[in-house]
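Undergrad: Line by line, the protein sequences give chains W and U.
Mapping of the first sequence onto this note's numbering: residues 1 to 477, in sequence order.
Mapping of the second sequence onto this note's numbering: residues 1 to 477, in sequence order.
Treat the hints with caution; some may be incorrect.
No copy is singled out in the list; a pair is fine if it fits within one copy or between any two copies.
What the hints assert, rightly or not - Straight line, CA to CA, 27 Å or less: simulated BS3-like cross-link-like pairs of lysine-lysine: (1) Lys-368 - Lys-170; (2) Lys-286 - Lys-59; (3) Lys-382 - Lys-240; (4) Lys-61 - Lys-328; (5) Lys-469 - Lys-200.
Because the hints were derived from the structure by calculation, they are not lab data.
These figures come from a predicted structure and were not determined experimentally.
2 protein chains.
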Amino acid sequence: MNNKQNKEIISRDVDFAKWYTDIVRVSKLASYSNTKGCVVLEPNGYAIWEKMQSILDKKFKETGHSNVYMPLLIPENLLRKESELVEGFAPEVAWVTEGGNKKLEERLCIRPTSETLFSEHFASSVSSYRDLPKLYNQWCSVLRWEKETRPFLRSREFLWQEGHTIHETKAEAEAETLRMLNIYNEFFHDYLAIPSIIGKKTEKEKFAGAEYTYTVEALMYNGVALQSGTSHYFGQKFSKAYGIKYLNRENKYDYPYQTSWGVSNRMIGALIMVHSDDYGLVLPPKIAPKKVAIIPIGDDLEVLSLAHDYQEKLKSEGIETYIDDSDKSPGFKFAKTEVEGIPIRIEIGKRDLDNGIITIVRRDTREKRELFTNTDIVRDVKVLLDDIQNDMYDRALRRREELTYTVTDMDEFEDIINNRPGLIKAMWCGDSKCEEKIKEVRGCKSRCIPFTDEKVDDKCIVCGKKADKLVIWGIQY
Amino acid sequence: MNNKQNKEIISRDVDFAKWYTDIVRVSKLASYSNTKGCVVLEPNGYAIWEKMQSILDKKFKETGHSNVYMPLLIPENLLRKESELVEGFAPEVAWVTEGGNKKLEERLCIRPTSETLFSEHFASSVSSYRDLPKLYNQWCSVLRWEKETRPFLRSREFLWQEGHTIHETKAEAEAETLRMLNIYNEFFHDYLAIPSIIGKKTEKEKFAGAEYTYTVEALMYNGVALQSGTSHYFGQKFSKAYGIKYLNRENKYDYPYQTSWGVSNRMIGALIMVHSDDYGLVLPPKIAPKKVAIIPIGDDLEVLSLAHDYQEKLKSEGIETYIDDSDKSPGFKFAKTEVEGIPIRIEIGKRDLDNGIITIVRRDTREKRELFTNTDIVRDVKVLLDDIQNDMYDRALRRREELTYTVTDMDEFEDIINNRPGLIKAMWCGDSKCEEKIKEVRGCKSRCIPFTDEKVDDKCIVCGKKADKLVIWGIQY
Numbered sequence: 001m002n003n004k005q006n007k008e009i010i011s012r013d014v015d016f017a018k019w020y021t022d023i024v025r026v027s028k029l030a031s032y033s034n035t036k037g038c039v040v041l042e043p044n045g046y047a048i049w050e051k052m053q054s055i056l057d058k059k060f061k062e063t064g065h066s067n068v069y070m071p072l073l074i075p076e077n078l079l080r081k082e083s084e085l086v087e088g089f090a091p092e093v094a095w096v097t098e099g100g101n102k103k104l105e106e107r108l109c110i111r112p113t114s115e116t117l118f119s120e121h122f123a124s125s126v127s128s129y130r131d132l133p134k135l136y137n138q139w140c141s142v143l144r145w146e147k148e149t150r151p152f153l154r155s156r157e158f159l160w161q162e163g164h165t166i167h168e169t170k171a172e173a174e175a176e177t178l179r180m181l182n183i184y185n186e187f188f189h190d191y192l193a194i195p196s197i198i199g200k201k202t203e204k205e206k207f208a209g210a211e212y213t214y215t216v217e218a219l220m221y222n223g224v225a226l227q228s229g230t231s232h233y234f235g236q237k238f239s240k241a242y243g244i245k246y247l248n249r250e251n252k253y254d255y256p257y258q259t260s261w262g263v264s265n266r267m268i269g270a271l272i273m274v275h276s277d278d279y280g281l282v283l284p285p286k287i288a289p290k291k292v293a294i295i296p297i298g299d300d301l302e303v304l305s306l307a308h309d310y311q312e313k314l315k316s317e318g319i320e321t322y323i324d325d326s327d328k329s330p331g332f333k334f335a336k337t338e339v340e341g342i343p344i345r346i347e348i349g350k351r352d353l354d355n356g357i358i359t360i361v362r363r364d365t366r367e368k369r370e371l372f373t374n375t376d377i378v379r380d381v382k383v384l385l386d387d388i389q390n391d392m393y394d395r396a397l398r399r400r401e402e403l404t405y406t407v408t409d410m411d412e413f414e415d416i417i418n419n420r421p422g423l424i425k426a427m428w429c430g431d432s433k434c435e436e437k438i439k440e441v442r443g444c445k446s447r448c449i450p451f452t453d454e455k456v457d458d459k460c461i462v463c464g465k466k467a468d469k470l471v472i473w474g475i476q477y
Numbered sequence: 001m002n003n004k005q006n007k008e009i010i011s012r013d014v015d016f017a018k019w020y021t022d023i024v025r026v027s028k029l030a031s032y033s034n035t036k037g038c039v040v041l042e043p044n045g046y047a048i049w050e051k052m053q054s055i056l057d058k059k060f061k062e063t064g065h066s067n068v069y070m071p072l073l074i075p076e077n078l079l080r081k082e083s084e085l086v087e088g089f090a091p092e093v094a095w096v097t098e099g100g101n102k103k104l105e106e107r108l109c110i111r112p113t114s115e116t117l118f119s120e121h122f123a124s125s126v127s128s129y130r131d132l133p134k135l136y137n138q139w140c141s142v143l144r145w146e147k148e149t150r151p152f153l154r155s156r157e158f159l160w161q162e163g164h165t166i167h168e169t170k171a172e173a174e175a176e177t178l179r180m181l182n183i184y185n186e187f188f189h190d191y192l193a194i195p196s197i198i199g200k201k202t203e204k205e206k207f208a209g210a211e212y213t214y215t216v217e218a219l220m221y222n223g224v225a226l227q228s229g230t231s232h233y234f235g236q237k238f239s240k241a242y243g244i245k246y247l248n249r250e251n252k253y254d255y256p257y258q259t260s261w262g263v264s265n266r267m268i269g270a271l272i273m274v275h276s277d278d279y280g281l282v283l284p285p286k287i288a289p290k291k292v293a294i295i296p297i298g299d300d301l302e303v304l305s306l307a308h309d310y311q312e313k314l315k316s317e318g319i320e321t322y323i324d325d326s327d328k329s330p331g332f333k334f335a336k337t338e339v340e341g342i343p344i345r346i347e348i349g350k351r352d353l354d355n356g357i358i359t360i361v362r363r364d365t366r367e368k369r370e371l372f373t374n375t376d377i378v379r380d381v382k383v384l385l386d387d388i389q390n391d392m393y394d395r396a397l398r399r400r401e402e403l404t405y406t407v408t409d410m411d412e413f414e415d416i417i418n419n420r421p422g423l424i425k426a427m428w429c430g431d432s433k434c435e436e437k438i439k440e441v442r443g444c445k446s447r448c449i450p451f452t453d454e455k456v457d458d459k460c461i462v463c464g465k466k467a468d469k470l471v472i473w474g475i476q477y
C-alpha cells in the first residue's frame, strides 16, 4: 500500500511518547506555534472539540444551565481574596502589566480558572433566595504557565468549559457536584467509548480551595492514568471570601453553597491514547466529525454516480459522509482515512462494480467486507457504526481490566508500577504521609477513592495500620 | 400595569445613551465587572451571541471554511513583522511580561486580531499549490486597550469571529473578500432585520495592513452609524512579510493572496439600537433565543394544562417556548417578556378560558389579539413570527430612509449632522484632506463608498473640485 502517512508513525509499543506526538502531527490535529507552550488546533483537532462541545452543551442546558462569559483578565486583588486558590494558582499564572502603552497600576492575570470572577459576579447579582440557584457554564480558554507541555495533555493555553453554580442548601450543591460528575462519566462511556472510573480525590490531590473534588480518571493504552474531568464542592468557602450574601427564606443573611466542574480539550489526548493505533487515529463513531469516507477508484462515471448516490442517502440520515475524488492515488486516500480516523471507508472500483460488489472497511479493526451494490447502505452503515462504537468500548474495558491490579504488598506494588504499569487497587489508612511515600514509586499518585464498599485488605499498604479506604493508584500524566 | 422593570428605562428620545445602558442592564444582557473596561455577558446576552454564532458558523461551513484555534498570545517579534499592522495596533494592546513567577525574556501581547498568527501558521503549513486555498475561521475573544468603553459597542475584550484565508490567485482572494461581505450583509437583512449598507472603506478608514476593506454599516435609531462587520483584502502584503511561500503550478515559488473578515458581539449593540424601545429589548424572531412566552394567570389546572399543551405543540415544531409559572404577579411577568424582548407572549386566564379565548401579544408593536382556544396555535405563531420579522425590517428601513440625505452643500451637511443626524450621501474628490475636513463636523466620518453608479453632483462637497465618488458619511460610534 502506498502508505507514506502511516510510515511517519512509530509503533506505540516501541515509543509511546513519540507515537503520541506522531499521531497529533500526522493526523493534523494540532501543530506547534511560535508562542512557546501553545499549539494551533488544526481543523481535524478543532472539529473533535466542536463535537464534544455540542454534545456536552446540550446536556448542560437540559440540566438547567445557562452559558455566560466572564472577562479573560482578573485584577490581582480579586484573585487574592481566597487564600488556598491563590497559593494553588499564583505560581502558574501569566501577568499583564502593560496596556495601551502604559504600565498598569495593578497587575491583571490571565484566568487560570474563573472561580474568582464568578464569585464576584454572584456577590453583585444575588440578593435573595429567589435568585438561587444560579447554574452557569462558560466555554473559553484558560492559561497556566506550565514548564513541560504536550499537545492536548498539558498546554499553557487550553480550551475547556467551567461550570459554576450556587445553591441555597448544602444538599443541593452536593447533588449538583455529583450530577455533573455523572454527566461526564456518561459522556466518557457513551460517546468517547472510554471506561472511565469516578471517585473522590484525596485531600492532597483535591482542587485548591475546594472542600472536596470528584474526578473522572481514564487509563491510557500504556498503563498511565489521565485525570480527565473534575467536579468540585466548595461549601461556603468562596461565598464567604467574596461576600456572596443573600436573604434566605427566614429573611436572614446567609451564604450560598457553591460548585464548579470542568472538562477540557485534554479529552482529545485521552481519545488518542486509549483508542488509536500504529496506523493513526481511531475515533469512536459518536465523536467522529466525519463518519464515512467514500473512495471512488478511478473516474468512471458509474463509479462516481454510485458514490454520490451513497453519499446522498447517508447524509439524508444525518451521517456525515464525504467523497474523496481528489487526484491522489487510491492507496494514499485509503491511508488518509486511516490516519484521520474515519470510522468507515467505502471503496468503489470499476471492476468490482461490474461484479455488483463494493468494499466496506471499518477503521478500528481494519477489517474489510464485500457488499452487494444494491445493499441497504444506510442500514449497513448504521449497524457497523454501532458495532464499532461498542467494540471500541469493550476493547478499552478489557485493556483496563488487564491492567488493573489488586495489591496488598508494597514490593508487588513497585514491581507492577515499574514493569507493567496500570491501575492498582490497594488499601490506605488515610495518612498523607503514606500517600507521599507512594509518590516515590515512579511518579505514582492516588487517582481516586472510588464509590465502592470493596475492600482488598484491612491494612494500609504502606504502614500496615488499620485501613478502610480503597484507593486506586497509578502513574499520572 | 405592575411594570417596575420598564420604569427603570429612560425614554430613548430623552437620553439615548442612558436608554442604551438601561436596556443592557434591565434586560440582563451584560453587567459590569471588576476588570476595568470588560463586561460580564449574562445568560440573556450570551444566548443571543450563541444564536448568531450558530447561524453564521453554518454559513461559513457551507462555503467551505473550517474552524481552528490559534494561541491567545503573540510574541512581540511576530507582531512586528508587518509594519502597518503594528502601527495600527501597538498603541492598544495589552502586554504579558511575567509568567510562572518570572519576568519574560520577550513580551507577549494578547491578540487584538490574529493575522500574524495565521500568517505564521500558513508559512509553516503550506508548501504547494495543492495546499491552497486554506479557508479558516476562528471564534474567540480579542483584546484592545480602549479608553472609553460601552457594553457591546466598545469593550476592551470582545467576542468575535475572524476568518483568514489564502488563495492561489488575486481573483480568488478578491472573490472571497466579497463573498464573505455578502454573507454578512444577508445575515443582517435576513436575521437581524437590519437594512445594512455595504461598500468600500476609504484609504484612511481601511484596516491597518489591508489593500482595501469592505464594510457593513448600519444606522442606529438616533441617526448614528455603526460599523458592524468588515472584510479585508490583503493581496500579498502579509504573505511577503511572513514568508508564506509555495510552489505554484509552474513549479516556481510564489506568494498567496490573503483575506480576513470578522463580525463581533457589537452586533448585539446594533440590535438594541436599531429595534428596541422604551419598554425594553425588541428582538427579531429569527435571532431571539426564546420566541414565545406563555403566561398562565393563576394556578387553575385547566389554564396550566392548556399552557402545557401549547408549549408542547410549539416546541415540537422547533419554536423555542417557555411557560412562566413562577410566583410573580401577571403584570410583572408581562413586563418581563417585554423587557427581555420575547417576540410573542400568550396570556391564558381562567375567565377568558371559560369564554374559549386566549390573548396573544406581539412584542414589537405591543398589539394584543384575542384567539379562540381551539385555534391552530402553531400556524398562528408561525405567521405572527414572520410578520414581526418582516415588519421590523420594514420599520428599520423606513427609519433609515427618513434619516438618509442627499447633500451637495457644506452648510446643509453641517446642519443635518448637528440637528437631525443620519447618513449623508455626498460627492468626494478622493483627496484625504477633504475627508479630514469633514471629520471636523462633530465626529463625522466617511462610512463607505457604496457599490453604486449613483452620482448626486459632479463636484466634491468640500473643495468643489471634480468628484466621481459617492460617499456615505455619518457620525460614528
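Undergrad: All hints are to be evaluated individually against the structure, with a verdict given for each.
TA: Status of the hints after comparison with the structure:
no.	hint	result
1	Lys-368 - Lys-170	neither (55 Å within a copy, 45 Å between copies)
2	Lys-286 - Lys-59	both (15 Å within a copy, 24 Å between copies)
3	Lys-382 - Lys-240	neither (53 Å within a copy, 49 Å between copies)
4	Lys-61 - Lys-328	between (44 Å within a copy, 24 Å between copies)
5	Lys-469 - Lys-200	within (11 Å within a copy, 70 Å between copies)
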